[in-house]
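Protein chains: 2
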Amino acid sequence: MADVQKYVGLDVGGTTMKAAVVDDHGTAFPAISLPTEPERGAEAGLETMVVGIRQAVKSAGLTLDDIAAVGVATPGLMDIKRGLILDPPNLKPWRNVEVPKHIQAKIGKPVAFQNDANAAAFGEYWVGAGRDVDSFVLFTLGTGVGGGIVIGDSVLEGEYSHGGELGHLRIALPTEGRLCGCGRRGCLEAYASATGVIGRTREEVPAYRGATVLKDLLEEKGEAVEAKDVFDAAAAGDALAAKIVDDTAYYLALGACSAIATVDPRMIAFGGGMIAAGESFLQAIKSYILRFGLDYPAKQVLIQYAQLGSDAGFIGAAGCARKMIQSRKS
Amino acid sequence: MADVQKYVGLDVGGTTMKAAVVDDHGTAFPAISLPTEPERGAEAGLETMVVGIRQAVKSAGLTLDDIAAVGVATPGLMDIKRGLILDPPNLKPWRNVEVPKHIQAKIGKPVAFQNDANAAAFGEYWVGAGRDVDSFVLFTLGTGVGGGIVIGDSVLEGEYSHGGELGHLRIALPTEGRLCGCGRRGCLEAYASATGVIGRTREEVPAYRGATVLKDLLEEKGEAVEAKDVFDAAAAGDALAAKIVDDTAYYLALGACSAIATVDPRMIAFGGGMIAAGESFLQAIKSYILRFGLDYPAKQVLIQYAQLGSDAGFIGAAGCARKMIQSRKS
Numbered sequence: 033m034a035d036v037q038k039y040v041g042l043d044v045g046g047t048t049m050k051a052a053v054v055d056d057h058g059t060a061f062p063a064i065s066l067p068t069e070p071e072r073g074a075e076a077g078l079e080t081m082v083v084g085i086r087q088a089v090k091s092a093g094l095t096l097d098d099i100a101a102v103g104v105a106t107p108g109l110m111d112i113k114r115g116l117i118l119d120p121p122n123l124k125p126w127r128n129v130e131v132p133k134h135i136q137a138k139i140g141k142p143v144a145f146q147n148d149a150n151a152a153a154f155g156e157y158w159v160g161a162g163r164d165v166d167s168f169v170l171f172t173l174g175t176g177v178g179g180g181i182v183i184g185d186s187v188l189e190g191e192y193s194h195g196g197e198l199g200h201l202r203i204a205l206p207t208e209g210r211l212c213g214c215g216r217r218g219c220l221e222a223y224a225s226a227t228g229v230i231g232r233t234r235e236e237v238p239a240y241r242g243a244t245v246l247k248d249l250l251e252e253k254g255e256a257v258e259a260k261d262v263f264d265a266a267a268a269g270d271a272l273a274a275k276i277v278d279d280t281a282y283y284l285a286l287g288a289c290s291a292i293a294t295v296d297p298r299m300i301a302f303g304g305g306m307i308a309a310g311e312s313f314l315q316a317i318k319s320y321i322l323r324f325g326l327d328y329p330a331k332q333v334l335i336q337y338a339q340l341g342s343d344a345g346f347i348g349a350a351g352c353a354r355k356m357i358q359s360r361k362s
Numbered sequence: 033m034a035d036v037q038k039y040v041g042l043d044v045g046g047t048t049m050k051a052a053v054v055d056d057h058g059t060a061f062p063a064i065s066l067p068t069e070p071e072r073g074a075e076a077g078l079e080t081m082v083v084g085i086r087q088a089v090k091s092a093g094l095t096l097d098d099i100a101a102v103g104v105a106t107p108g109l110m111d112i113k114r115g116l117i118l119d120p121p122n123l124k125p126w127r128n129v130e131v132p133k134h135i136q137a138k139i140g141k142p143v144a145f146q147n148d149a150n151a152a153a154f155g156e157y158w159v160g161a162g163r164d165v166d167s168f169v170l171f172t173l174g175t176g177v178g179g180g181i182v183i184g185d186s187v188l189e190g191e192y193s194h195g196g197e198l199g200h201l202r203i204a205l206p207t208e209g210r211l212c213g214c215g216r217r218g219c220l221e222a223y224a225s226a227t228g229v230i231g232r233t234r235e236e237v238p239a240y241r242g243a244t245v246l247k248d249l250l251e252e253k254g255e256a257v258e259a260k261d262v263f264d265a266a267a268a269g270d271a272l273a274a275k276i277v278d279d280t281a282y283y284l285a286l287g288a289c290s291a292i293a294t295v296d297p298r299m300i301a302f303g304g305g306m307i308a309a310g311e312s313f314l315q316a317i318k319s320y321i322l323r324f325g326l327d328y329p330a331k332q333v334l335i336q337y338a339q340l341g342s343d344a345g346f347i348g349a350a351g352c353a354r355k356m357i358q359s360r361k362s
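Chains as they are written, first to last, in our numbering: chain A, 33 to 362; chain B, 33 to 362.
Do not rely on the hints blindly, as some may be mistaken.
A pair counts as met if it fits within one copy or between any two copies, since identical chains are not told apart.
Cut-off 30 Å, straight-line C-alpha distance, at most; resulting in silico cross-link-like pairs (DSBU-like, lysine-lysine) [unchecked claim]:
id, residue 1, residue 2
1, 318, 253
2, 331, 133
3, 318, 113
4, 247, 141
5, 331, 138
6, 113, 355
7, 124, 331
8, 38, 113
9, 253, 133
10, 113, 331
11, 247, 124
12, 253, 141
13, 90, 275
14, 275, 141
15, 113, 260
16, 138, 124
17, 331, 247
18, 260, 133
19, 141, 90
Think of the hints as simulated: they come from the structure by calculation, not from any bench. It should be emphasised that the depicted structure is a prediction, and the values quoted were computed from it without experimental measurement.
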């Protein structure tokens, strides 16, 4: 046991932050959650991060002396190399916050810093869906579409911390494409995010001639309707919902085809809420990749669901801390 | 001088192969050219490669004893890791040819093997447009659109040797996109290759109400019309030609935006025939990247023309040989 090092991984989201101790094998001790409350400002947020790290250590029955390093993952906009949160829309009003420097000063341990979607990709690559492959792309499906790319044990961070921003792969011309949250038309996220699924549902229902439960659903739930409702309706046999879900697989596959034409990874995994759609959704993505991707890699690339759920972020953050320590040794 | 090693770079194209000795500084001795004549079969082709390498050494006033290693670049389809040409459309009827193994046996030197567009990207990264940056993406504009990605001194080869196949980045939905040479609709190459430029010209001329020299050009030259003719007409002030050229910049920028959302490089360079279009074409690409790319990286990414012309392939192949030797040493 003396050889097994331990790390704390902290994943800071716009609503909640999660932290846990993770060991060298990627096994996580019980995780703790705290509200992020970004509106209280960066100083309060940094303090919550420190509290979260300490709580995670305590709930593992350990002390900080048992911890080799800490990994912190935050949402963009950020400058990974300089260890800086810039101006993340999910953490308003935080600006230009030196997160790793602050945590290091307070905790007294080396701190690795990573984008949250990159950290999730690294977690899946380390001990999740991608644990047996050397090159790995993760699409994370949520309100938006995030992503992360890991090649040969390194996160593809990019020069400006925008590597693996796969929600903004372009899949349609600006003249014809759907409007994305980023203000441009034609990004993958405009089609395949939860927001995109609901938007397409609102457009398709009025024009649909057949019977569909989605009509009542939109009337009853109004603004509260979720992508999950559409996926549930599809699973229950609703034809229009099934079409909308299948279209989602199609759009995701188009994004995956561009990931193949750039990175050409061994595995592309899909994580986030929509993976509850099950095996048929994954098979639909696969079949569209075969149809619209470069033949040779499309036939061979592995298509899977992510396996770590919402733990991927803190596990990956801990994995980044571990990698940092190991590369210092070698 | 004793410390400056020398390499042979060989770039095998469908029509011609070029080879030259290149030293540690990336300086090339005079290059030689030989016809590839793929129709004569792989055995004859391999023999020509060996002859080309020997001629390059001789024309540099050297002997094979002066050469540390050889780099060979060939067009896809290939398996870079296994050192195998698979079934390249430009080298029919070659199939499953162990190029580096054969060259190594005949020349008696270590042989590096790389895809031709990747080699060109590595050449530009080493001593061309990208010599001062750490992450670099090259789009090569010709009959098709090729590409290569170099991050931190490594070519992004991909798991199935399809890394940096940037001509097949998707920019339009399959339902709306132009037909690509790969048989699918919506790839960048269908729009921005020389073939795509001519195709768009043929479509736009009949519908154009104004005066344009392109009309006469199409009638006079028929099938022989080239993308260069359209670019020349634009440079001479033809309004429709200028629109077609500007659209080309727009489509290339859309592809570049997806390269930013995956790789997020320090520099994106454009090489091949169209770079004769000059500074205004490059500026047009830049302005579309600013409009359709992720704000933060789009503002900072360097956009340039490639600098090595058709020498990039053999210089890059030599650079790959050099890198192989150096990593064996370290």
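Results for each hint:
no. : hint       : verdict
1   : 318 to 253 : neither (32 Å within a copy, 44 Å between copies)
2   : 331 to 133 : between (45 Å within a copy, 27 Å between copies)
3   : 318 to 113 : between (35 Å within a copy, 25 Å between copies)
4   : 247 to 141 : neither (55 Å within a copy, 71 Å between copies)
5   : 331 to 138 : neither (50 Å within a copy, 35 Å between copies)
6   : 113 to 355 : both (15 Å within a copy, 26 Å between copies)
7   : 124 to 331 : between (43 Å within a copy, 22 Å between copies)
8   : 38 to 113  : within (24 Å within a copy, 36 Å between copies)
9   : 253 to 133 : neither (45 Å within a copy, 66 Å between copies)
10  : 113 to 331 : between (36 Å within a copy, 18 Å between copies)
11  : 247 to 124 : neither (36 Å within a copy, 56 Å between copies)
12  : 253 to 141 : neither (48 Å within a copy, 71 Å between copies)
13  : 90 to 275  : neither (49 Å within a copy, 65 Å between copies)
14  : 275 to 141 : neither (51 Å within a copy, 58 Å between copies)
15  : 113 to 260 : neither (37 Å within a copy, 43 Å between copies)
16  : 138 to 124 : within (23 Å within a copy, 64 Å between copies)
17  : 331 to 247 : neither (38 Å within a copy, 43 Å between copies)
18  : 260 to 133 : neither (39 Å within a copy, 54 Å between copies)
19  : 141 to 90  : within (16 Å within a copy, 60 Å between copies)
Violated hints, listed in ascending order, are 1, 4, 5, 9, 11, 12, 13, 14, 15, 17, 18; each of the other numbered hints is respected by the structure.
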